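When we follow the numbering used here, the leftmost residue of the sequence shown carries the number 576, and every step to the right adds one.
Among these hints, one or two may not hold up.
[Said to hold, decoys possible] Below 20 angstroms or equal to it, Euclidean Cα-Cα: the simulated EDC-like pairs (lysine to aspartate or glutamate) are:
| hint | residue 1 | residue 2 |
| --- | --- | --- |
| 1 | K629 | E733 |
| 2 | K662 | E646 |
| 3 | K643 | E708 |
| 4 | K662 | E578 |
| 5 | K696 | E652 |
| 6 | K663 | D731 |
| 7 | K629 | D731 |
| 8 | K748 | D764 |
| 9 | K737 | E747 |
| 10 | K662 | E708 |
Please keep in mind that the hints were generated in silico from the structure rather than gathered at the bench.
Remember, it's a predicted structure, so these values are computed and weren't measured experimentally.
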Amino acid sequence: MGEQQEMRYSTLEQLVTETANQVNEQLGGTGEATLSLLEELEEGNGDCSSCTLKIRAYLGRLLQCYEKLQEKVESLESRQMAIGKLKKMMRNWGQAEKYGSAPVEQPDPLWLSPNVLPSLKLEHDHERLHYMEATLVQMRGDWEKLSFVSGTLQKDAEQKQKAIEMLFQSLEKVQREKTDEQDMMAAMDM
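Hey, can you work out the whole structure from these sequences and the hints?
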């Protein structure tokens with residue numbers, strides 16, 4: 576029974592370690608993507624149509640990052656639920672050993688106890704999960720701000736386009752009047 580318990584604890588510890596490594600990788604990738612988006616957005620060249628297109632592209636990439644991060648949070652939550660079930664089963668097996676015919680083993684020292692290490696790791700995983708959730712909330716807020724800015728820029732671009740069209744119409748009208756005036760002057764000179 577002692578070997579089985581050690582195997583269960585090592586499996587649990589391995590799951591927690593894998594989860595922690597995945598969270599570190601995920602947070603690193605997401606943070607870099609968000610930072611590069613913000614840097615590119617701040618550069619801007621002043622051309623409204625290219626600004627609008629860039630912002631739309633950035634919004635799309637930000638949304639993809641958000642969705643990836645959300646999937647990873649859900650994966651982490653499901654793993655934590657599985658780990659919790661595994662711990663509960665292990666506790667139940669431990670109680671069965673106490674009341675069963677199996678010999679009672681001497682308890683491990685506190686620092687070697689497998690119950691202490693996973694609980695500390697689970698607490699650390701919970702902290703990371705909360706950090707990831709806070710990051711998701713912040714990214715959603717950033718996405719909403721970018722969406723608002725994109726809408727405003729698009730409206731401005733449409734207004735400027737209308738103004739440009741009106742200027743072209745005025746220019747055509749002035750050119751027609753000038754042509755008519757030149758025709759009248761030419762007719763008078765004859």
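Quick rundown of the hints versus the structure:
no., hint, verdict
1, K629 <-> E733, "holds, 16 angstroms"
2, K662 <-> E646, "violated, 24 angstroms"
3, K643 <-> E708, "holds, 13 angstroms"
4, K662 <-> E578, "holds, 16 angstroms"
5, K696 <-> E652, "holds, 14 angstroms"
6, K663 <-> D731, "violated, 60 angstroms"
7, K629 <-> D731, "holds, 15 angstroms"
8, K748 <-> D764, "violated, 24 angstroms"
9, K737 <-> E747, "holds, 15 angstroms"
10, K662 <-> E708, "violated, 24 angstroms"
The structure fails to meet hints 2, 6, 8 and 10 from the earlier list, while all remaining hints are met.
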